Structures are given as C-alpha cells and as structure tokens.
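Spelled out, the chains give:
Protein chains: 2
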Amino acid sequence: MSKLTDVPKRILIGHALRSDRLGETLLPKRIALPVFASDPLSSVAYAPGEVLLVLSIAGVSAYHFSPWIAVAVAVLMLTVVASYRQIVHAYPSGGGDYEVAGTNLGPRAGLTVASALLVDYVMTVAVSISAGIENLGSAIPFVVEHKVLCAIAVIVLLTLMNLRGVRESGTLFAIPTYVFVTGVFLMIGWGAFRGLVLGDTMRAPTADLDIKPEQQGLAGFALVFLLLRAFSSGCAALTGVEAISNGVPAFRKPKAKNAATTLALMGLLAVTMFCGIITLAMTTKVHMAEHPAADLLRNGVPVGPGYVQDPVISQVAEAVFGHGSILFVVLAAATALVLFLAANTAYNGFPVLGSILAQDRFMPRQLHTRGDRLAFSNGIVLLAGAAALLIFVYGANSTRLIQLYIVGVFVSFTTSQIGMVRHWNRHLAAERDAATRRHMIRSRAINAFGAFLTALVLVVVLVTKFTHGAWVAVLGMCLFYVMMTAIRRHYDRVAEELAAPEGPSDDTARPSRVHSVVLISKIHRPTLRALAYAKLMRSDTLEALTVNVDQAETRKLYEEWERRGIDVPLKVLDSPYREVTRPVIEYVKSLRKESPRDIVSVIIPEYVVGHWYEHLLHNQSALRLKGRLLFTPGVMVTSVPYQLASSEAAKQRARRYQEWNAPGSVRRGPAQERAKEERESPAGKD
Amino acid sequence: MSKLTDVPKRILIGHALRSDRLGETLLPKRIALPVFASDPLSSVAYAPGEVLLVLSIAGVSAYHFSPWIAVAVAVLMLTVVASYRQIVHAYPSGGGDYEVAGTNLGPRAGLTVASALLVDYVMTVAVSISAGIENLGSAIPFVVEHKVLCAIAVIVLLTLMNLRGVRESGTLFAIPTYVFVTGVFLMIGWGAFRGLVLGDTMRAPTADLDIKPEQQGLAGFALVFLLLRAFSSGCAALTGVEAISNGVPAFRKPKAKNAATTLALMGLLAVTMFCGIITLAMTTKVHMAEHPAADLLRNGVPVGPGYVQDPVISQVAEAVFGHGSILFVVLAAATALVLFLAANTAYNGFPVLGSILAQDRFMPRQLHTRGDRLAFSNGIVLLAGAAALLIFVYGANSTRLIQLYIVGVFVSFTTSQIGMVRHWNRHLAAERDAATRRHMIRSRAINAFGAFLTALVLVVVLVTKFTHGAWVAVLGMCLFYVMMTAIRRHYDRVAEELAAPEGPSDDTARPSRVHSVVLISKIHRPTLRALAYAKLMRSDTLEALTVNVDQAETRKLYEEWERRGIDVPLKVLDSPYREVTRPVIEYVKSLRKESPRDIVSVIIPEYVVGHWYEHLLHNQSALRLKGRLLFTPGVMVTSVPYQLASSEAAKQRARRYQEWNAPGSVRRGPAQERAKEERESPAGKD
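Chain order of the listed sequences is A and B.
Residue numbers for the first sequence follow the UniProt record's numbering, so the first one is 1 and each next one is one higher.
Residue numbers for the second sequence follow the UniProt record's numbering, so the first one is 1 and each next one is one higher.
Please keep in mind that the hints were generated in silico from the structure rather than gathered at the bench.
Here the structure is a predicted model, which is why all the values come from computation and not from measurement.
If a hint is listed, it holds; no wrong ones were tucked in.
Which copy is meant is left open, so a pair is good if it fits within one copy or across any two.
Below are the EDC-like pairs computed for lysine to aspartate or glutamate, each with C-alpha atoms no more than 16 Å apart in a straight line: (1) Lys535 with Asp598; (2) Lys522 with Glu496; (3) Lys522 with Glu543; (4) Lys651 with Glu614; (5) Lys651 with Glu586; (6) Lys522 with Glu497; (7) Lys571 with Glu559; (8) Lys535 with Asp567; (9) Lys522 with Asp492; (10) Lys571 with Glu560; (11) Lys522 with Glu502; (12) Lys285 with Asp208.
Can you make the complete structure from the sequences, with help from the hints?
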C-alpha cells in the first residue's frame, strides 16, 4: 500500500501500480475499442484525401470514380475484419499475425510477417504524426509552417513519455477517440441534414480552385492503373486493423468473443466514417492536388508554394461547421490527438512484438523479460530515431510517407490469412463433428477470400507504388529479416557450442584443487572483508597478492601486514611499468602452467558506490582486470563488494527501476492470464 | 621480437616499440630542442603581429614604440629562461611548475598551477592551430576562406593520430622545427643583407595601406595602458617555455645540465627570431589592424570584409623573398607545420600532467597508470572538444584567442618562481657550505627577480585583457580547480570510510559459514563447469538455483537434472512476472535473514564472447543480477567464465591494447629512470 508521504511523488511519476496489481485490470469493450482502434479509426483522417490526390492526376473529372473506390475500400475493410475475427477466435493468445504465420507456414513466414510489422510500426509513427501535424495546422497556422520541427517535437515528446514509463490508460485513450468519432459522425449527420433537408450549398475552401491535370485524357490501361493507385492509397484506412488480434489477452471474458465484437464494431465505424467523408468531400467539392503549388489554379494561375492545402477532413469540417467555429476547432484538435495516440500505439506494440521475437531467439534475449527498462528503451529510441529520420527525409509530408506505409500491412495481412487457411485445413483433417466442420469450412472460406483479396491488393500496392517509395519499406523489411536471421543463427551456433555432452568429458573433467588469490591494494575494510570471506571458502591454498607499483607504498603495506599479523602469505609482484593488469594475468597463467588441473580463484575487493561519476573514480583497474581474467581459462573471478554509505542512493534507484512497468502492459493483458492462455490455446500445442 | 608476418601491420599501426624497449631512447640535445621547443619557438609566428595589432589602435605613429616592446619581451623571456634553469636543476624529476608550487607553497598553490596548465593546454591547441591555419592561408587561399572548417579538421586529425597512439618521434619533430628556425634566420639574414648591403627597399603587401586609428592622439595614462596591452600581447611568445622543465627525465645524462643548456639555446633562438621579425616588420612597413576590414584603408577607403590580412611573418617573408617564391612557400608551410606540432605537444602534455595529478588524487585514479588507453582517450577527447569549441566560438581567429591565452601561463610562471624563492630560503637555512650558499643566493636572486617580473606581467595581462577575454580563461581555471578539489575530497572521504580499524571490529567479524548458490538457466557446458568449480570450493552448503520463468522449460531442466544424476540439489524459484533478478535477490536476502552471520556466495556461469554486438545478445540478465547483488550485504559474487570460440578475437584485441604506448612517453623519459630520479632527487625527500 502507498504511504501518505509518497503521494506527491506518485502524482509526478506515477509508480503506483505494480505489475502484479496491474494484473487485475482487464478491459471492457468500451475501453478496448479506443485502446486498440485509435490507429485504424484515425486512418480515416488521411485515407480519403489520398484517394482524391491520386485521382487529381487525371483532373477533377476523375473524381467521379471516388465513390467506387470508397466502396472497394469498404469491401476490403469488411473482408479483413471478418478474417481477423477468425484469427481472434483461433489464436486468442495475442501472438497475432506473427504467431499465425509462424505456426502454420513455418518460421520463415513468421519472420517475414515480423519484419513487415516492425517496418509498419516505424511507418505508423511517421505517418500518424505527420498527418496529425497537418490536421493541427489547419487550425494553428504556425504548426504547418514548421511542420518538420513540430513533428519531431511530437516524436521527442512521445519518446520521453514512453521512456519515462507512462503507461497508456484506457480513459486517456478513450476520451480523444470518442470525441473524434462523435465529431466525425456529427459532421456527417449535420452535413447530410444541411444538404438534404435544408438544401444548403456547402463549399470547401478549395471548391473554387481548379486542378491542372498532370496527365490529360487518361484512358484504358493508364486510367485503370491510376484507379488502382488511388485504391491502394485508400487502403491506408486499413492500417492497424490487426491491433486487436494482438490484444486479446487484455479483454474481459469471454475474451475471444468480446474481441471479435469489438473488431466488428471498429470495422463498421471505420467504413461508415470513410464513406461519409468521401461523400461529403464530393458534395462540398474538395479539390486536392498532389503538388498543390503548381497544380491548384485560382482563376487559371497556380496558387504558388505559399499555399497550404488542408487535409480533406478539415476542409469538409470547415464547409459543414463553418471556418473557425468551435466544432471545427474541436474536431481538428481531436483528429490531431487521435493521430498522435495512433503513433503511441506503435511505441507500445514494439516491445510486445520484440518480446515474442526474443522468445523465439530472433531478437536479443533480454527483450524477452517483461518490463526490462533498458532493453525496452533501446527499442523506443530505435523506433523514434527511424521515424524521425523518415519525417526529416520526407519533410513530414504524409502523402509521400503513405507510399511506404501500406506494403508492410498487406504483407502481414496476406501471410496470416494464408496461414489461417492452412490452420483450418489441418483442423478439418482431424475434426469429425459435422457442426464443427461446417463452422470450420465457413471460417476457411472467409480466410481464403481474405487471403485472395489482400494478396491482390498487395500486388496492386507493390506495382503502383514501388517506384513511389514502397521500395524503401521493402528494403527495411529485408534489413530486419536479415538481422533477425543472423541473431537466430548466432544463438543456434552458441547453443551448439555450449551443449553439454552426455556423460563426463574433458571439458568438465573434475579439476583437482583450488588455488585462491586475494588481490590487495592497501589494507582497509574492503580488503579485510575479502580476506575473511576467502578464508571461509577453505580452498586448497590461499594467498594475498599485491602489485608493486610504488616501492614506498608497497613497503608500507608489507609492514602493516606484519604488524597486524594477518595469517595469509602476501605475495608481491613487481611492475616496473606501473601496470596492474599484466603482472596479475601473467601470475595467474604461471600458476595454471605449474599445475594445469588446478583452478585459480581470484578474489577482488570492490567498492560499491552510488553515483555514476563515482564509478569513474573507483574500481576502474579492478573492472579492467576482471575483463581480462575472463579470457583466461581455468579461472573464477569473485567480487567481494563493500557498500559505501553513498551506495544506499543507488540501491534505492535500482529498486524503483525494478518496479517500473513497461508501456504496452495494458494491451498485453496480465501476465498470469496470458501464460495460462498460452498453455490452453490449441496453437500452443501445435 | 617482431615476426616477419607482422611487418605490414606494424608499418600501418606502428606498435613496434614496446614500452620497455622505449626505455632505452633518451634524447640528445639536438632532438630535445625541437621536441620541447616547438611550442615556444612557434609562438614567434604570431606574437610580433599581436604587438603591432594593438599598437595600430593608436595609429601607425604608435609603431615606433614596437622596438621598445620587443626589448621588454626579450628581457622577460631571458628572465624566465634563467628562472627555469634553476628549476631544472632543483627539480629534475619532470614535475615542473606543479611540483615546485605544490612542494614549496602547499597543495592549493599546486592545484592553482595545475588548473592554469590544463587551461593552457586547451589554449595551446586552439591558438596554435588557428595561427597555423592563418599561415597556411597566406600560401593557400582556400584554407583561409574556410578557416573554422580547416582548423577543426586539423584538430580531428591530431585527435585521431593521438587516439590511435602515434607517438611523437624526435625526428618527426626535428625536421619542421629546424626548417622553420633556419627559414626565419635566413629571412632575417637575407633581409638584413638586402636592406643594409644592397640598399633594396623591401615593401610588405600592407605597406601601401593606411591605418585608421581607433583612438586619435592617445597620450598619458591611455597611451601607457595601450603600450602595456601591446606588451602583454607580445608575451604570447613566452608560452611553452616551461615545457622543458617537465621533460628533464627524457634528456641524456647529465640530465639537468643538458636541459638547462637546451633552455638557454631555446631562449636565445626565440629572442633573436622575435626581435628580428619585429625589426623586419618595421623596415618593410607591415601595417596590421585589429579590424582590417574597417581600419585598413587603401587610398582612404576601407579594404572591406573580403580582405585577408596575412600574418606578420608571412608578410615579411613576402617582402624579403618575393611573393610566391619557393622560400616564401616553404617558410609558410614550415610555420604552419611547426604550429600544428606545438598543438600536438598539448595532446602529449595532458596525460603527463593528468597522471601526476592522479597520483595526488586530484584526478581519477586510473589516469595514474601509464599507458591506460581508455583514460587517456577521455583526456584527449576532452581537450580536443574544448579546443574545437573555442575555435568555433572565436571563429579560429588567433588574435581573439590570444586574449585568453597568456593568463594561465603567467599564473603558472609566477607561482612556481615564488615557490623557488621559498625553496632556496629553506635550503639556505640548512646549508652551511659557503660556496654552495653563494650559489643558492644567486639562484634565489634570479628566481626572485623572475617572480617579481612575471607577477607584474600577470597583473598587466589581467588588467589589460580581462574584459577582452581573459575572464574566460580565469573561469576555466576556477572550474578545473573546483572539480579537482571535489575529486580529492571524495577520495579522502572514501579513504576515511574504508580505513581499517585496529584490532577486530564488528565489520570484519568472522562470518561463520558459507552458503553457495550456483545459478542455472539450462544445462550446458558453462553451467556444468560452474557446478564443478563450486563443488571444489567446499563451502558449507551448496545448491543450484533456477528461476521458473517458463513452466515447460523448467520442467525439462528438472528432468534433465534428474536424468544426469547431478548430485547438487536444484532449487526452483517461482517468478510469475518472468523476472529473473528480483526472485534471486529476495532469495539471497531470505538466506541472510535466516542466519545473519553466514555469507552467501552466488556463482554465475558466464559466456565470454568476442564482439561488442555479441555482448548485446548474452549475459545481460547475468550482468544486471551481478549489479544488483553487489548492493546486498554479506554476498560474494563469482563469475565462472566459459570462453566461446569467438572470444579468441577479443583476447587478441585485449593483448594488443595492452601493448599500446601512450603518447607523451618520449617526453616523460623511460619509466625506470624516472622512478629512480624521483627517489634520488632532493625534492622527493622534501
């Protein structure tokens, strides 16, 4: 229980929830929806605009294709949602696409999905923050004038928040997400009312501008290609749909059912919002150009580089609610906030995926341990650095960044759907119950259709966007893939080298005797303690060892040794060059040479200090010596610590550090629950 | 002996000389002069210009004071040289000013001198490189157009050279220094011949330019103040004179006498060159202005910011040898090179001073060990960083940097001369022999006069330059002083805390029993080895300990344990949150609580790997656990290393690392010799 005196600190730092207490917090659907769906829901803030941007290449006349594209995106979205509902039921352990692909299609497929997801996390941060900045900019001009700067400031802020260990709380996510969803529905409703009932003419700020088509009179294959490109841009709305399938353990029971319901709800909301915004954009005559400075014309003259083209959602809001109205500003702020929250989900998703990959030895093992601040921090910094680099290189331009985005998502969609088809095939082969079989066949059909459709989209995306930037994402995936394969190979090689032979071997042949050596620099409490401990260990021989760096000091040491009557022989090593490490190493080696079957136990008194700068002042030669001794075979190195008064501070720090919760805890669900699920799920037995 | 196969590598890296072989290289006077005197000799490249710059404030008419200022600087130089000849005889151990001040005036004075010298090293790098760039620029215009960039490039180059461990070789120093000295004397001689014998009129490039005086008709106190300022700028010629007093151990025998002779030679060379250059500058009508863009007039019009004012030495060379002549270019190159070598001396001086300060516990102890690459590297990087910052802030303008330079040197001069007066007073009190007394009284008179004169100059420098930038140097000195005092206080406090009480105490009370715990993650060679070693230690109890992070793995481990019939009990700790550190720490604490007089020996199997990235993949939880265990009282932590095949590479690296020689070795002289000197010198007994 928290003490009263801790209150101010707890308010500031928020260490109140220990991980074992956290375990009891399971998410109801109304909180799970915003926690997991801020990414896919926020996508509707930029996806409609991307469709119009691509169509504008063929001029405003091509805009009449946009409803068809919206329908295609909606169909795809509903298909993907239906497919993931199957995954949620079949793999409720939270492993998501990686688990599905790895279990059913082998580790290579799993690794491909993992690489795609890692790239996807980076892109989620870059795209969401850029889009958020653009939306915020429609209300606050300063922001859009310093886009890159502001975007990087948001990254820094999110990074610090996550490094500091601010856990996402359900409520924190819920408020802006619900404000955003309500705002968009209010806009759609009010827009429909004004248009259909009142008969108002609503005009977007760009309604009066013309678009100079980059390619005149497109037809035939070229037009189809353009429509496909517009469609694949619209698919940006699907990013993040897989999040719920990774978060099943965090749901209240019945977990799988609740998660599936939330998925369906999310899909319906996203589709409605996407189509509503496209329709309103058509009605209010929003005109978007890929290169607004040159291609947007006011009375036949390009608007020039000073012109800022606001996102579709904010143009529509302006048309429906009126420029500068309260509702317009609230919606712009909620949009930006929900986009930043979407970026934050990547900060939480990364360690979860990293931990699962580490379990399979594709990532450094320490990522496996939950709540390991150090390892987690490295991941956060890597993620933030990569996203900041992309934002810098692409000038925080969400349109250009989206070209890189969708590849990863669809690689992961397609692979996991194919995996699910395999999954059902395998289960059908064993299943005899007719009802269950019918159910499985239906599920297989859904996943097969999902696999077909997402594979098609993946091909479309690759073909239409490869040269526009998708190659960067593909390159990133390859890098992750190669790195993880190399790590796994390293671990396998080491495991082979370390494997214990059956029965006795030369390597572990019983050594015969232990020769203990206590290193002494001068006589003080730490060395006396080390001597006392060493005596207690009852090794076969025991001696104290000092290096003669300074003749006078050594003589003093020797005299004090005699005077105190210490009953351990003191051996003095000469060191004309004032070195400490080399003479000790050479002495240890000579001992081993004399009697190769003996082992040498080197006992080093060590001070424990409290501050990093004190480390610079102490133990440096002890540390170096230890480092070198580790390379010497047949040696064991023992530290006898002596805690200085100042070490108390560091001890407290270490304890606080341990009680720290890794972000992402909420969405993984409590550890005990998860461990149980893993054992119970059929996937665990596969 | 070097193997033939090593030859290409040795040529590249230059590891040929081991420090014990280096010992035999003692410097003859003709090599010692360039090694130690590149700093003071190179000062004549910028000091004359600084005098003219300051005088130009009162207009060209004030230039007729410059011979008087040259005479004053010459007198001061000879006085300082005479004083240092006394120091060289009295303190031949190479401790220099720091030792003199510390021994005779107490540690505070010593620390003041040390702070001054540390600032001085930084300034030497900044000023010498800036001046070198300006001289190089008179031959290569590109260099002077990108001054800051080129200066920082030279710093980076010197830093890399020194980090890599390129030792200065006598010859490397000798060539450019002798070329420079010969060139300057040739210039003076040829100039005198042309002027006096041939009657040529030699005109510097700025001879036709007028100077707009910043202050018209200065007289009385203002004029005196200006002359004093000009004089204190000219004192820049004295920087580095103390170098020889730090290098006595590197001289051939009789060391002190040879060093004193070299000092005298260096003083005469510097004075002649300084006066010669000033005279030639007068003859060839060199006109220098502090702000050339505004104050240099061509036909009454300012020359504007595009004009580059070359240094005096290069203007004189141009007038004497002719623009673009071979000799002019060679002299410019030699001047730049000797200035860069002067900067390099600071890179060598820093670790030498650092090692002496560390011996007195004013600096981290590891600096004490000679050839410690890590500690030395930190010093190099600190020095380079500070110098690069100064160069960046002051735009690589040597004139502005020199304002900061001279304070430190004169603090050190004055303090050590006062120390020498005390030294002679003390020795006179004990000395009875009349001849020796006469000799000592003469020496005391020289040092007293030196102290008086340098103190006067220090006051002049502080008064005339404080607002011009000297405050930065004073601030730097204060920072170093405070830092070193704090380090010393820390070491003293710790020493007090650690002091061993006489007789038995609670603290070192004999513990009664040892409880050994071997940490097991899985059964492989490292753990089997650790178990074998642990058994050999014959502690009172021995058990194996594993943390149950994954139920299935733990069960497998337990089964294998049974199957192999390992005769050590295996204890399993539960860890519902997949932590490793906390359960172990808590178990160790509980053992200690049960029997507080026992100690716990924790034995950790460790892999030894060869590459830094492998460290990321292994031992992380072992390292963290070790870190935490050190805070737990009554524990000893033992590493049992298992060398992986890849560790061989790291072992080789560590060995190479150890054979690395710290730069500055040549100027410190061989270690054995030095140790002997220290024991023999009268200062050692003081």
